[in-house]
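Make a model of the complete structure from these sequences and hints.
In order, the protein sequences belong to chains A and B.
Under the working numbering, the residue at position 91 of the first sequence is numbered 91, and the numbers go up by one with no gaps.
Under the working numbering, the residue at position 31 of the second sequence is numbered 31, and the numbers go up by one with no gaps.
Simulated from the structure, these hints should not be mistaken for lab results.
Fair warning: there could be bad hints in the mix.
[Claimed, not checked] Derived DSSO-like pairs (lysine-lysine); straight-line CA-CA distance at most 27 Å:
#1 A/Lys240 / A/Lys356
#2 A/Lys357 / A/Lys160
#3 B/Lys356 / A/Lys356
#4 B/Lys357 / B/Lys240
#5 B/Lys357 / A/Lys357
#6 A/Lys240 / A/Lys357
#7 A/Lys357 / B/Lys356
#8 A/Lys356 / B/Lys343
#9 B/Lys240 / B/Lys356
#10 B/Lys160 / B/Lys343
#11 B/Lys160 / A/Lys356
#12 B/Lys356 / A/Lys240
Protein chains: 2
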Amino acid sequence: MAKAASAPLPTGSVIGVLGGGQLGRMLALAAARLGMRCHVFEPEANCPASQVADHTTTAGYDDLAALLEFARNVDVVTFEFENIPDSALDAIAAEREIRPNRRSLATSQDRLAEKAFLASLGLTVAPYAGVSTMPELQQAVATIGLPLILKTRRFGYDGKGQVRLKVRQDIDSALSLIGAVPSVAEGFVEFERELSVIAARSHQGQIVCFDPGENVHVDGILDTTTVPANVTDAVIDEAKAIARTILDALDYVGVMGVELFATATGLIVNEIAPRVHNSGHWTQNACAVDQFEQHIRAVIGWPLAGGERHSNAVMKNLIGDDVNDTALTGTAGLHLYGKAEVKPGRKMGHVNRLSKKTP
Amino acid sequence: MAKAASAPLPTGSVIGVLGGGQLGRMLALAAARLGMRCHVFEPEANCPASQVADHTTTAGYDDLAALLEFARNVDVVTFEFENIPDSALDAIAAEREIRPNRRSLATSQDRLAEKAFLASLGLTVAPYAGVSTMPELQQAVATIGLPLILKTRRFGYDGKGQVRLKVRQDIDSALSLIGAVPSVAEGFVEFERELSVIAARSHQGQIVCFDPGENVHVDGILDTTTVPANVTDAVIDEAKAIARTILDALDYVGVMGVELFATATGLIVNEIAPRVHNSGHWTQNACAVDQFEQHIRAVIGWPLAGGERHSNAVMKNLIGDDVNDTALTGTAGLHLYGKAEVKPGRKMGHVNRLSKKTP
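Below, the structure written as structure tokens:
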């Protein structure tokens, strides 16, 4: 039986973080502000989070002995990414509580399960169908129509593991393009804007949502998030209500990113991420307590902060060479991830530009 | 000859920090936001900064081999406290540039030298006299009058190494109370408010001042800093001008805390601290770039941020048991230092409460 972490953890407790990328790094920095220690588990040596964590285990997710040792040396476990193998989670869960819970992880690891879960809550999702074979794909095209997007059920991110089918000729090559793995066909949504809500839930069920941000993607990667989003108060309220419904249904503990499409006929849930989210980075400079600290607060059983923003914000991702462009990096609200090598498409940092708060 | 650090240091550079307390910890966290690594040098094991620094050397300031090794492994050296032995600074300076410079350190390490320096700039200081013997103390009392404060020239902080002389009978015991070390007698200033300016200067001479804060001390330890201070714009401008004068005169690089008394007849400079300062902690939540990042920016040769505040703020220190008082810690702008043991009078953390910006 895993050790329960329902009482608030005291200052100086050790938070285990699976994954040592920039999200793990920023979680560790936020935890440090609360006097907590972080122990990062990450296969790659010299990862961004290791530079700021109190302790790092460099081992693979198939190294069950290392995972057990890691779990025994921390007070609670959280993660920066959702694609953690079940066997690794099993090993950890035998020793320590994992927050957010396994169900939230399992649901978001599989696009088909996620769609079915969201639909079961009465939320609107794009028309979808599970697809593993050519006849299933043909059936999906017949039902959903074209254009549609074929996405792998597992391990997709930042536009990877996706292919768009525009015309009937695309059908033949589509499955092989994504590697002939179990997939989901999704109807193409004509959206006006893409929004995301960063929401937090405590283990007592308290929910706090940050204001929805408006996202612009370039080449499948988030480019900017602007807050406030250019939508009505009613849409903002609906977006937050959707997030609440999802978090409550999963008995969720921690921060979740909920991506939404705003369409002429209402909000459609695109996907959920059971972790801090790139589209919530604006909170670092525009809120007294940001998404990273909010997540840590939930994970250690502390009361959540209010989530109010004191300023408007535009978050701009610094991708690849952007990081060397002083016109982008400027001087305000700069966050760099300590990655030694600049690569095209690599997230190197981001910058938050603030302006006076509007209602 | 020390390696010059006049070109901006690239992301991933290593900043050496002398001192591993809460100021070193928050410097390391700020450096991490810019993708920098910190190497902390601190005699005490398991210090607050070591939990978040990329590397820590645990050694004394008399361990010249450790200091040399430390200096050779970093790109530039800064510090979180001013009472660093000259021999340690000599060892480091032979290898790496120290920012702020030695002159700034030497001036602030000696209250008598500091007073003389400030007076030489035409700034108003309290009447003062160097005192090492009883005849000198009697002469100081005759010149300055009572009450006066006798302070050790070196190693005083948070009200330590000070004794107040109110009546003539106090004279006899005063020198022995502070240990009969070289001291300074200072005239007692009837001030209306205590202000501080946190100012930064780049190696190119750019100076940015945060808005002056109004400080309240309890038992000789800072209790709160409130921004904006309840003074006129003219006083704010004068306070910033005083800071500029001091930083320029020292060819200063980094952040300095300048403590001022606002009196009926104008501003009096109380003391300067050549480092980030407790009275600048409010900037962490009320400015896009706080005093810690501003200091790091100066030290690594990056452009300084603008220093504007987006919100009003009250910083409250959490001393000893305060840290367990949830009415104080609340949920907003909490910063804890990772100190394992709560002791009376020990700075455990602080909390920044924000409110809407007023002009």
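Outcome of the hint check:
Restraint check: the Cα-Cα separation between A/Lys240 and A/Lys356 comes to about 23 Å, which is no more than 27 Å; the hinted pair holds. Between the alpha carbons of A/Lys357 and A/Lys160 the distance comes to roughly 36 Å, so the proposed pair goes past 27 Å and is violated. Restraint check for B/Lys356 and A/Lys356: satisfied, since their Cα atoms lie roughly 10 Å apart, inside the 27 Å limit. For the proposed pair B/Lys357 and B/Lys240, the alpha carbon gap of about 19 Å is at most 27 Å, so the pair holds.
For the given pair, B/Lys357 sits about 11 Å from A/Lys357 by alpha-carbon distance, which is consistent with the 27 Å threshold. The straight-line distance between the Cα atoms of A/Lys240 and A/Lys357 is roughly 19 Å, inside the 27 Å bound, and the hint therefore holds. Between the alpha carbons of A/Lys357 and B/Lys356 the distance comes to roughly 10 Å, so the proposed pair stays at or under 27 Å and holds. With a CA separation close to 41 Å, the supplied pair A/Lys356 and B/Lys343 exceeds the 27 Å bound.
With a CA separation close to 23 Å, the supplied pair B/Lys240 and B/Lys356 stays within the 27 Å bound. Note on B/Lys160 and B/Lys343: the hinted pairing holds, with a Cα-Cα distance of about 16 Å set against a maximum of 27 Å. A C-alpha spacing of about 43 Å is found between B/Lys160 and A/Lys356, which places the hinted pair above 27 Å, so the restraint is violated. A hinted pair counts as satisfied when its Cα atoms are at most 27 Å apart, and B/Lys356 with A/Lys240 qualifies at roughly 24 Å.
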